[in-house]
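Chains as they are written, first to last, in my numbering: chain A, 115 to 402; chain B, 3 to 588.
Bear in mind the hints are in silico, worked out from the structure with no lab data behind them. For every residue, glycine included, the Cβ atom is placed at its ideal position computed from N, Cα and C. A hint or two may mislead.
[Said to hold, decoys possible] With a straight-line Cα cutoff of 30 angstroms, these simulated DSS-like cross-link-like pairs (lysine-lysine) come out:
no., chain 1, residue 1, chain 2, residue 2
1, A, 157, B, 356
2, A, 265, A, 125
3, B, 462, A, 157
4, B, 458, A, 157
5, B, 458, B, 569
6, A, 125, B, 458
7, A, 329, A, 265
8, B, 462, B, 569
9, B, 569, B, 24
10, A, 157, A, 125
11, B, 356, B, 157
12, B, 356, B, 569
[Said to hold, decoys possible] A partial selection of chain A residues facing chain B, derived with a Cβ cut-off under 10 angstroms:
no., residue
13, 151
14, 162
15, 378
16, 402
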Amino acid sequence: MSTEVSFTEFKSDEDPTWCPGCGDFGTMNGIMRALANTGNQPKDTFVVAGIGCSGKIGTYMRAYALHGVHGRALPVGTGVKLANPDLEVVVAGGDGDGYSIGGNHFIHAARRNVDLTYVVMDNRIYGLTKGQASPTSNPQFESSTTPEGSKQAPVNPLALALAAGGSFIAQSFSSDARRHTEILEAAIEHDGFALVNTFSPCVTFNDVDTYDYFKEHLVDLGEDSGYDPTDYDDAVEHILEGDAEYQGVLYRDPEARSYSEEHGLTTDMSDLDEWPPDEVGDLVQEFY
Amino acid sequence: MHEDLNWAIGGAAGDGIDSTGKIFAQALARAGRHVFTSKDFASRIRGGYTAYKVRTSVAPVQSVVDRLDVLIALTERTVSENRSELHEDSVVIYDGERPGMANFEPPAHLTALSVPLTDLAEEAGGAIMRNVVALGAVTTVVGFPVEYLDEALEKRFGEKGDQIVTNNKEAARLGAEYVAEEFDHEFPYDLETTDEDYVLLNGDEAIGMGAIAAGCKFYAGYPITPATNIMEYLAGRIEEFGGHVLQAEDELAAINMALGAARAGARAMTGTSGPGIDLMAETFGLVAQSETPLVIANVMRSGPSTGMPTKQEQGDLNMMLFGGHGEIRRFVIAPTTVAEAFEKTILAFDMAEKYQTPVYLTIDLAMSVTEQTFTPEAFDVSDLEIDRGPIVDEADVQEFQDEEGRFRPHMVTEDGVSPRTLPGTDGGVHMSTGLEHDELGRRTEDPEIRVEQVDKRERKFETAREREDWSPREFGDEDADTLVVSWGSNEGAILEAMAYLEDEGIDIRFLSVPYVYPRPDLTDAVESAETTIVVEANATGQFADLVEHDTLSRVQRVNNYTGVQFKADALAAEIQEIVAAEGVRA
Chain A
115 MSTEVSFTEF KSDEDPTWCP GCGDFGTMNG IMRALANTGN QPKDTFVVAG IGCSGKIGTY
175 MRAYALHGVH GRALPVGTGV KLANPDLEVV VAGGDGDGYS IGGNHFIHAA RRNVDLTYVV
235 MDNRIYGLTK GQASPTSNPQ FESSTTPEGS KQAPVNPLAL ALAAGGSFIA QSFSSDARRH
295 TEILEAAIEH DGFALVNTFS PCVTFNDVDT YDYFKEHLVD LGEDSGYDPT DYDDAVEHIL
355 EGDAEYQGVL YRDPEARSYS EEHGLTTDMS DLDEWPPDEV GDLVQEFY
Chain B
3 MHEDLNWAIG GAAGDGIDST GKIFAQALAR AGRHVFTSKD FASRIRGGYT AYKVRTSVAP
63 VQSVVDRLDV LIALTERTVS ENRSELHEDS VVIYDGERPG MANFEPPAHL TALSVPLTDL
123 AEEAGGAIMR NVVALGAVTT VVGFPVEYLD EALEKRFGEK GDQIVTNNKE AARLGAEYVA
183 EEFDHEFPYD LETTDEDYVL LNGDEAIGMG AIAAGCKFYA GYPITPATNI MEYLAGRIEE
243 FGGHVLQAED ELAAINMALG AARAGARAMT GTSGPGIDLM AETFGLVAQS ETPLVIANVM
303 RSGPSTGMPT KQEQGDLNMM LFGGHGEIRR FVIAPTTVAE AFEKTILAFD MAEKYQTPVY
363 LTIDLAMSVT EQTFTPEAFD VSDLEIDRGP IVDEADVQEF QDEEGRFRPH MVTEDGVSPR
423 TLPGTDGGVH MSTGLEHDEL GRRTEDPEIR VEQVDKRERK FETAREREDW SPREFGDEDA
483 DTLVVSWGSN EGAILEAMAY LEDEGIDIRF LSVPYVYPRP DLTDAVESAE TTIVVEANAT
543 GQFADLVEHD TLSRVQRVNN YTGVQFKADA LAAEIQEIVA AEGVRA
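Chain B on its own, in the form it takes in the complex (with noise of 0.2 angstroms):
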């Protein structure tokens, strides 16, 4: 039998699924269990198909795999969506009484339960608790104690009182009982439980927590999918800390009010989705040649244009490096999971702030919307400092001032960072402009003047790259003939693909890189490699042209451009293929 349980719960847009997988997700993170979450979801408010999906494991899961074990199908549909993944051992719950499943005809090669949903719910209070008896039935067939239901049920309903919170627990039980009771059959689950207590959240709430640890206390934004639970995050959450969040009429509406808040000193960040970044990218550029420190969030969809709006890729790497008109350094910082995109927003707001920056901080839809279970030492702040750069006060601001007392906000410096002064500040008063200007801030367009303010911000880049660790996250056996590079979210997929490869006796070296630029040089590692192989989320290997041309060698490329994340079993069938054609030995 597999260590991990696939379970999921799908049916219409407007089913609940979400809430109640992710019932089902908590109760498993309170029980020990590792828990790696997906969806299936589409931009419709109703009908369709969506799914929650859980991964669970008594050891670490990070990534999705073709298989499921336990679905609780709420419509036909969700059940012809999947059955590609069920198995003989896998188990169907269905409610062969609710309208539409009357002639549902379930697979023979699998075992389904017809449990009486709606009827069930209506007994402990009321039909709309369906998805909770499901949930109940669920944990019999898994061999999950219902009691571990109660917890994330009380989190769920608590605030609309305790007789829901009841009815609720009655309704999980009623189900738990009825597949007991039914189906005299042995289910070939047994979940095991531990004393482990783990967090579970997602990559949006990640960058979210984050960005208020890091000390953000404006954040404007346009709804999009999916970078909107950014913004939902720290709406009521930033106010607590001093901040604001104001939802904007328009992409270029929010992120000139972030740049308006980080000029009046705030840490200040944007965030959106691939056509907010188009929508910035005029702005960009106006917060890079202002030198202002400003982090902008892209969670990556599926374009070009509106694309597929709910679907995973990694598309944007070319946009967030190269666009925007002239030419533009900028960080962009991809954290590889979902505690590192904790981790990563903090050092985002530090690396502007120290070089004065615009900031982009990337994931993709697919750690956006994954909730993944994590010790909760990943969040830990106790040791946190932040890092402003260099900001100068009344009392030192003369030091920076040119003979006329005037402060001269893009001194040329050694290292390219200049003084910054925030308004209020006596002696410090200067104008910011998008124009070509001198150390003053006043539009030039003498030659001479020019080189010099470009050669000082184009230096800025060059010290953090020697001063920063811009080091990838290295796995696997260092000495293998095979590298695999990636980017972003890919992580977990890969680290679990390498598991099936081990087996087959393959080894693999894994450089999962977090940065994309600053960049680590990766020529070394490329140059002892057998064969060097780019895993990303897009069709043109955009990563992949990066590393052939830091390392001038030529790379092998396994690309997804499917709209669904990579899974780990796939992945390994298809990197296991180009080392045998390339005759790699392990």
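Chain A extracted, bound-state conformation (with noise of 0.2 angstroms):
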């Protein structure tokens, strides 16, 4: 696809706030990045941000954007992508926004298959709270709130996706910068829910889940590792049961029909230039 328009075109000129060194930097880079290699333009782009550090991403972008209440994107770019299908939809947030105060929604927007795109910033803490233990956490993280460890077994987010019918499930790294955004450019491209888990680590509070960490753990699933993310039962076996922290598309389903594909939502409902028609006249009729 050829690039329309710099992705520094998708760049605020507000100054982010988040800590020197913080994994949402990359992460937001390369949602521009993915976003000005698909052709997209600010001005037809939308994104949405939930609360936490990760909620001031729609701040530090370029583009018609909602910054919400907690734990609720997915619910708000679910109504812009319907009420207008040629907007790009974005929505970003944190592991506490998506999988803990919004974890309904995220299973619901997996089944629903609205095609946007849902890029979780992963790093495994509250970190705007100033750290405390996440959906995301690892049962024996001590943090302010679970001085000895939560105890609870973590949320996996691709099985919950996948259980949920999800139709494209992917995961990247912050800091692998050409990775992370050529699965994104994936996501945006595909036709329905994308969902890309970024580990984006916390530098302040998390000195678990470090970038060192992921370095050491994470395993590819690109191209040259010959993993085929259309076939469900590899999908099902790496997702559930495989012991790596994985990089890359895990799951696409390609016969996937979005949401507004299903329903036949193709015009843009901003449009009432013309309104109203007569048809709006006979509505009564029915209630001889």
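Both chains come to you apart, so use the hints to assemble them.
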């Protein structure tokens, strides 16, 4: 695809308040590059963000955007996309936003298959509130609210998406800029709900899930690996039983039809220039 | 004899009470009679007691009364539930052969007809038609030609094929003939018909139809009694106009989806009842803070908590006016009749977009399930023009940018209303947020900007208060000493109560208020009356509090929190009592 705009067009003039070295910088840069590489423009892009460090992403990007309430970014993105299918919708949030307070929406977004890209900036901790355990934290992870560890099984977001009928399930690492961008491009181009769980390390409060940890444990399922993301059984095995931190598209349903496609939603609902049509006057007829 | 007839069919949930009642109501409307319906129902699928009640007259009817003239009782409990409303001229139709009804002993003071509903239905083609047999029996009792049922039966069963329709018509005739032949009785009812042709619809349907007329293209909701009917009306109809209905996973999602669609530029709506309003409260603040136009329908039911989910109440006024942390202004519009619900829904969408703010559009359970007749002109849209407020396109967008070419969605203006761009507009790109923000939508904690933006948002409502018409609907004698004030659906009952009171020599001035915020200033009206009575369906008098606050005067209160809607006769007695106690002269 030809690049019509430079990715810097997607950058706002606000300076991020993220901590120096935060994984969110890389996550956001990848989103901007992937949007530009797939031929999108800021005026036709809608970014929805939740609450937390991750939620600030809408501020630092230049696009139509909504910075919403905690955990409800996916429903907002759903409404945006259904109302105007011409918009490229990117929803971004953190692991707390998406898998804890917004967990229900995550499940239903996956099964609804609205054509949007959901980037979860997964740092396995609550950063903005200064270091509490998150739903993806390791059970032994000691934090201010879980001094002896949470002793709860972490959420496996990829498995959750798969079980809910997700049609595109991927994982990336914010500091692997090339692969992160490539995976996001595939997600943007997927016609349906595309989850990209992005390891986005918190350098201030998480000394376990660090850049070094991911570099050491990351297993890439890119083209060279011979992995076929359209093979459902293979995807199930990797997602449920794999003991590595995978990077790549783990599952993609090539037959997936988006919600808009299923429901024949093709027009921009904002257009009311010729309103009302004559047929509105006939609505009362059925009440005779 | 009374001008109006009060009829009901009652039985257990699952007995087909609703659809049978509606067939009769439609037949009456087609025969040029006015109809006002009400329902007794419970939150259960089977069993219990449920009834569909029809009040009909040649003159407009807009309330229920404490009198039942003709009752189809499919269960014994139907009779006991309504015993106090039955009188010596009442006729009860029941099936003495139905299991559970064999030992039924009808009250001695009235006429009870045992009609073998199931046997006659089987004769017509199937036991399932026993309620239609009963309707046929009723036509003979009330002197209403059985042919008037035909059109309503065609409407109800047409999709199931001609044979089913024919069988149902036959079932009705068998019922009518049975009563005529078996009971040598002069019934005291004789329903007049007219050449008028009325439409019959309920409050939820009026809101749904109003939403489509207003150009609403997106509705997200989660099923909840009694608001679900709005969503059910829209699904299957809004698509014809390029819209869509989405059943969300919960109310949190529903309002956020509607918010998203609104940000994308669609006229969007969500609807719910009390518990859903609670869940939506957080996002409500975001909608207001981000200056997003959104209509939220709240069909009130009895609370708090799960309360009495199928019962009437106007208990959410304070929640709608003040709910949410921080300080958020919002429009609260409360249509006072079913026809007004249509008109005010269209208004709600205009207000939302003109002032870029959430609008609560509220009716209550009674109005949501009440089917009422109107002349079709009440829903005329031939002069409809919608007002979308200051939407800026690419040609004009530069005028609203700062010196660096950035669009200012929260531009500080004299009237408080800022320009708005829809996604896709070049030069209009911006972020919206629940954070306090500057003109560009960027977060700020700067004290000056904070004050500037709070004042700007407040100014929108000052502008609206001046620019728009928030007058109450006025009825009765303008010079009367007794002023009755009410909001929402009580209007019909009060109007009918006024007719009773007039007979008693009591004149009333009645102000029916469809606007809770902004609302009309009633100071002059209250000060010039000797007694002001605020009538509402809640226990604490939430609207009365507002009137006292606005007018700095004490008012009398009539509060009904029984779960049953106001009845005109009982309400008249209550008002009369207050008037007598106050010593007010008519």
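Now for the hints, and whether the structure bears them out:
For the proposed pair residue 157 of chain A and residue 356 of chain B, the alpha carbon gap of about 23 angstroms is at most 30 angstroms, so the pair holds. Taken as a hint, the residue 265 of chain A and residue 125 of chain A pair is broken in the structure, with Cα atoms around 40 angstroms apart against an allowance of 30 angstroms. With a C-alpha separation of about 28 angstroms, the suggested pair residue 462 of chain B and residue 157 of chain A falls inside the 30 angstroms cut-off, and the hint holds. A threshold of 30 angstroms between alpha carbons decides the hint, and for residue 458 of chain B with residue 157 of chain A the separation of about 27 angstroms falls inside it, so the pair holds.
Between residue 458 of chain B and residue 569 of chain B, the direct Cα distance comes to roughly 45 angstroms. Violation of the 30 angstroms bound is thereby established for this hinted pair. Restraint check for residue 125 of chain A and residue 458 of chain B: the C-alpha separation of about 29 angstroms stays at or below 30 angstroms, so the hint holds. Of the pairs offered as hints, the one joining residue 329 of chain A and residue 265 of chain A holds, with about 26 angstroms between alpha carbons and a cut-off of 30 angstroms not exceeded. For the suggested pair residue 462 of chain B and residue 569 of chain B, the alpha carbons sit about 39 angstroms apart, so the restraint of at most 30 angstroms is broken.
Distance hint between residue 569 of chain B and residue 24 of chain B is fulfilled; the C-alpha atoms sit about 21 angstroms from each other, no more than 30 angstroms. Taken as a hint, the residue 157 of chain A and residue 125 of chain A pair is honoured in the structure, with Cα atoms around 13 angstroms apart against an allowance of 30 angstroms. Straight-line distance between C-alpha atoms of residue 356 of chain B and residue 157 of chain B comes to about 40 angstroms, which puts the hinted pair past the 30 angstroms bound. Proximity of residue 356 of chain B to residue 569 of chain B is assessed by CA-CA distance (about 38 angstroms); at most 30 angstroms being required, the pair is judged violated.
The criterion of a C-beta within 10 angstroms of any C-beta in chain B is not met by residue 151 of chain A, whose closest approach is roughly 19 angstroms, and the hint is violated. The interface hint given for residue 162 of chain A is met, as the beta carbon of that residue sits about 7 angstroms from the closest beta carbon of chain B, less than 10 angstroms. With a cut of 10 angstroms, the hint placing residue 378 of chain A at the interface with chain B holds, because the nearest CB-to-CB distance is about 8 angstroms. With a least beta-carbon distance of about 6 angstroms to chain B, the hint placing residue 402 of chain A at the interface is held under the 10 angstroms criterion.
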